[in-house]
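2 protein chains.
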Amino acid sequence: MPQLPDVEIMTIGDELLYGQVIDTNSAFMGQELAKIGLRVRQISSVSDRADEIVAALDQARQRAQVVLITGGLGPTKDDLTKHVLARYFGSELVLHEPTLAHVEDIFRRFKRPMLDVNRQQALVPANCEVVFNAVGTAPGMWFEDQGTVFVSMPGVPHEMKYLMTEGVLPRLQQRFQVKPIEHIVVQTVGLGESFLAEQIADWEAALPANFKLAYLPYLGGVRLRLTGSDDGQPHLRQRMEALLPELRTRLGEHLFAEGEIKLEEAVGQLLLARGLTLGTAESCTGGLLAHKITSIPGSSAYFRGSIVAYHNDIKTRELGVLPATLAAFGAVSEETVREMAEGARIRLGTDVALATSGIAGPDGGTPDKPVGTICIAYADARGTVSRKFTFNRGRQLNVEYTVTMALNLLRQNLPATE
Amino acid sequence: MPQLPDVEIMTIGDELLYGQVIDTNSAFMGQELAKIGLRVRQISSVSDRADEIVAALDQARQRAQVVLITGGLGPTKDDLTKHVLARYFGSELVLHEPTLAHVEDIFRRFKRPMLDVNRQQALVPANCEVVFNAVGTAPGMWFEDQGTVFVSMPGVPHEMKYLMTEGVLPRLQQRFQVKPIEHIVVQTVGLGESFLAEQIADWEAALPANFKLAYLPYLGGVRLRLTGSDDGQPHLRQRMEALLPELRTRLGEHLFAEGEIKLEEAVGQLLLARGLTLGTAESCTGGLLAHKITSIPGSSAYFRGSIVAYHNDIKTRELGVLPATLAAFGAVSEETVREMAEGARIRLGTDVALATSGIAGPDGGTPDKPVGTICIAYADARGTVSRKFTFNRGRQLNVEYTVTMALNLLRQNLPATE
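First to last, the sequence lines map onto chains A and B. Residue numbering for the first sequence follows UniProt numbering, beginning at 1 and increasing consecutively. Residue numbering for the second sequence follows UniProt numbering, beginning at 1 and increasing consecutively.
Source of the hints: derived by calculation from the structure; they are not laboratory data. Ideal Cβ positions, reconstructed from N, Cα and C, are used throughout, including at glycine. Please note that the accuracy of each hint is not assured.
[Claimed, not checked] Derived coverage of chain A by chain B (criterion: at least 3 residues anywhere in the stretch with Cβ under 8 Å from a Cβ of chain B; other residues may be distant):
(1) 179-188
(2) 342-350
(3) 370-382
(4) 402-416
[What the hints assert, rightly or not] Residues from chain A that face chain B, not an exhaustive set, calculated with beta carbons under 10 Å:
(5) N210
(6) L213
(7) T294
(8) G320
[To be verified] Quick list of in silico lysine-lysine cross-link-like pairs, DSS-like style, CA-CA up to 25 Å:
(9) A:K212 / A:K35
(10) A:K369 / B:K111
(11) B:K212 / A:K111
(12) B:K262 / A:K111
(13) B:K111 / A:K388
(14) A:K212 / A:K179
(15) B:K369 / B:K388
(16) B:K262 / B:K369
(17) A:K111 / A:K35
(18) B:K262 / B:K35
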């Protein structure tokens, strides 16, 4: 069995060094490579200068047996990766007919005139193997040179993702006889990483040596990824799945989904399955709760609308919050947020409703109610539940955390059937 | 005059290579270094392994005269940058009393028990100069070794930003006698990069050799950054400012602000200055318009609320859109969105109102109204204006673009005085 290669990711472009663009490609590639069990040894971002690209290639091949390159394949004059690679591998650019046909087809479909620079996208170094790019005009290029694999991809994220998923990862698995790896993702919410770890410590400790558990925290919860690598025994995936019932029991109500799915999507599926409609009333979240819910395609099937009641007048007029409640308890109180949820349910004509009110900061805090004081409520035909908590990590994060907690409150309280 | 050094940015952490964390620190550092005229030669992300950090340090000093390192300074066992650096520079860790006092002070303030690992944060290599970290417990460390400067900073973004801004950049300017550079940022909206470039081509061409203009595009507009570097003549900034009146004329109504300020913030300042209140009615933007507006601290002074009318019932019931309008023109029409804006203004009791309606996709398009068909409207006491356009770059971007266009419509139509 050949040893698994280390991988170097090389991203090319002055815009990365100037900080005009944040390199998100590397993180995607790192994640996908980890999933098939390949280790990234280093990520290097280099300029558009030919001599510096060549120097970086020389160094990368000292460190890694696979070098994945993105950027510098566009039609403009700054993009010279292709020319540099042809020279680096002692080759020359030749026309790749299938790529030309593909580029022509794209221009025909969009009814755009094809310029000479577009035609040049079909030129590739003679000694590379083309990795077909169905979603763009710049082809991927696979080189093998003295035992090292070099792959060049465009830097446009959705094109890079297509090439990685459809072309590069499968070829790497085959080329290096990478043993199958299986992943199971379990989504949790409402429990921090260390508490979660405590809750499943002995379950995790008892995992076989070829099973690994990764904690992937996000604001408000943790994704768990169980990875099983080949141990020569059959039925790898089934053996992993056999461990899940116990994990589910341990996670209890913190587990909200299995697989790659967001909380707002899971909540939407619950609403759909139960035939319930949702409305929201938002103060501190200022529309972000509705935005998260509506970011899911098809959400119009269960989401009817939101009343963002930033001003107290709107809370009374549009949501029916009693002036006496506001006067006695203030806008940021469980009493007010309960009336907001109940009002939203009635005004928006929905089965269930969520409401938020809090002090997002940076100003507006008092000794009684410091910045980060948050109230949320959920209402349905059976009644209303509310929660109060403090979370202060700056305005933006406070609001994002509130949205997660509100969606979780809905998930926990949704009636099983209507 | 010494030559300006090249800079290498080195980010340390397995989480970067696994893609669990996107490296945003490098982009910030690249931007700030560019602003003082220093070039980043390469960005390298490396693992938490001591031998690989050392190998990367050896290579970085071949390429650059300044190596800025982030990550690996926390209190946990994985964070070993400090130990590696001490060994690399043939030094040993010693207690830095001012840092210890600072760490103790932080724990006292937060009333947390101080553990031994926290005390160890005050250990630094004997041969470094400490760069004070007022916003965290891990100090910055400045080394000079055979003419190369190495600076180590924590990877926590707000701590790194503090250290860069307050400590590292000023010291680099002094150490390398970096000549002053001046920047003027001009914000535009509503015109693409190439059209903008055309409009100011001859103005740009006539710039003195030491003045450079950078186009920094975002979804819906372009930031322009004029950079002036020292040419030995006095009054650099004044000479740059003297060019602005002509630029302002060329940009016309596309210019919305000067300086580092977002469109939603500029719009908020206009509303504040004119003493006007704003409400919104949102269909396709689903709350994002209100969220952007309320992401600005202090927005409660002018923003009263939003009615997110995702379902048509809400459009009629809460915003007073006529059923006949919906029936005749559909929800995505200038007619409907005008009534939404007018309804929001009345229902929310505001001086002005914005409304959005569109087909965000991926589904819901028709031959007449394909995905990406967007209508926006602005209403005030004088009347209502609306726009219709097509923008189809996927659900999320369609919605973001709509928000920008709506804010711009408000900016263009806001009455000078009420």
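Each hint tested on the structure:
With a threshold of 8 Å between beta carbons, the proposed coverage of the region 179-188 of chain A by chain B is violated, since 0 of its residues qualify and at least three are required. For the region 342-350 of chain A, the proposed coverage by chain B is satisfied: 3 residues have a C-beta within less than 8 Å of a C-beta in that chain, meeting the threshold of three. For a cut-off of 8 Å, the count of residues in the region 370-382 of chain A with a CB near a CB of chain B stands at 0, and the three-residue condition is violated. Coverage of the region 402-416 of chain A by chain B is violated. Counting CB-CB distances below 8 Å, 0 residues qualify, and the rule asks for three or more.
Against a cut-off of 10 Å between C-beta atoms, the interface hint on A:N210 is violated, since the closest Cβ of chain B lies about 18 Å away. Taking 10 Å as the C-beta contact cut-off toward chain B, the hint placing A:L213 at the interface is violated, the least distance being around 14 Å. Residue-level restraint check for A:T294 holds (minimum Cβ-Cβ distance to chain B is 3 Å; threshold 10 Å). For A:G320, the interface hint is violated, since its Cβ never comes within 10 Å of a Cβ in chain B; the closest pair sits about 13 Å apart.
A threshold of 25 Å between alpha carbons decides the hint, and for A:K212 with A:K35 the separation of about 12 Å falls inside it, so the pair holds. At most 25 Å may separate the alpha-carbon atoms for a hinted pair to count; A:K369 and B:K111 meet this at roughly 19 Å. Distance restraint check for B:K212 and A:K111: the Cα-Cα separation of roughly 36 Å exceeds the 25 Å cut-off, and the hinted pair is therefore not satisfied. Distance restraint check for B:K262 and A:K111: the Cα-Cα separation of roughly 36 Å exceeds the 25 Å cut-off, and the hinted pair is therefore not satisfied.
In summary, the hint linking B:K111 to A:K388 is supported, as the alpha carbons are separated by about 23 Å, within the 25 Å threshold. Using a Cα cut-off of 25 Å, the hinted pair A:K212 and A:K179 holds, with the two alpha carbons roughly 15 Å apart. A hinted pair counts as satisfied when its Cα atoms are at most 25 Å apart, and B:K369 with B:K388 qualifies at roughly 11 Å. The straight-line distance between the Cα atoms of B:K262 and B:K369 is roughly 31 Å, outside the 25 Å bound, and the hint therefore fails.
Only pairs whose Cα atoms come within 25 Å are accepted, and A:K111 paired with A:K35 is rejected, the gap being roughly 40 Å. As the CA atoms of B:K262 and B:K35 are separated by approximately 19 Å, the hinted pair is consistent with the 25 Å bound.
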